[in-house]
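K.L.:
Listed below, chain by chain, are the residues.
2 protein chains.
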Amino acid sequence: MTPKLVAGLEPPYYTAVFTSVRPDAPEGYAETSARMQELVREIPGLLGYESARTPGGIGITVGYFRDLEALDAWRLHAEHQAAKAHGRKHWYDSYSVHIGKVERSYGYERE
Amino acid sequence: MTPKLVAGLEPPYYTAVFTSVRPDAPEGYAETSARMQELVREIPGLLGYESARTPGGIGITVGYFRDLEALDAWRLHAEHQAAKAHGRKHWYDSYSVHIGKVERSYGYERE
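Protein sequence lines correspond, in order, to chains A and B.
Per this note's numbering, the first sequence starts with residue 1, numbered consecutively.
Per this note's numbering, the second sequence starts with residue 112, numbered consecutively.
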């Protein structure tokens, strides 16, 4: 199946770029990741999210949010915060988060 | 070697999130990609960039720029524009670009 990108977003909206370095498949990671994907979909104002990870390289996840309220609802979600604390302790060598307000976006799709 | 994230960025700055769907190793792609990485490093105001691609999945590249002038210098670079046109014709099934102004960022690094 050809992967699909998040499309049709109308600025303004917010991107939360999460970049990380971690071992490829640390213990407990897959379960927590699946649970977080389930939870984030419940956040009103989540417009979508995308992830990519180069084997042996870095991972990048981008969350798209309608506004900062939606983004903060996810950032401060209790179960998400617990997962992040666990991740810092057990999984991540490093990560960065960059929260940006998008005023311009465009795309291409082959006919 | 453990990969390193772009770190130490002081807001405000801009993120250009480029997400794409393409075959894993299309003809001519690697050479053009290497050339673009060489060129983008010459842009004054480029703060760094990161890429990840899940095999069989999507790719995400994030460019970090000091300001919109730097970002536009890259966006409008003649050789970059030619590469993008070639990419639309030959490589990409789809891509999206989201340009955001970052006012908030934070990170974690294991001691």
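Treat the hints as calculated values from the structure; they're not laboratory data.
Computed from a predicted structure; not experimentally measured.
Virtual Cβ for every residue (Gly too), placed ideally from N, Cα, C.
Any given hint could be a false lead.
Stated by the list, open to error - Computed footprint of chain B on chain A; a stretch qualifies when at least three of its residues, placed anywhere within it, have a C-beta under 8 Å from a C-beta of chain B:
1. 2-12
2. 17-27
3. 36-47
4. 101-109
K.L.:
Give a verdict on every hint.
P.N.:
Each hint tested on the structure:
no.: 1; hint: 2-12; result: holds (count 7)
no.: 2; hint: 17-27; result: holds (count 4)
no.: 3; hint: 36-47; result: violated (count 0)
no.: 4; hint: 101-109; result: holds (count 9)
Consistency with the previously given hints fails for number 3 only.
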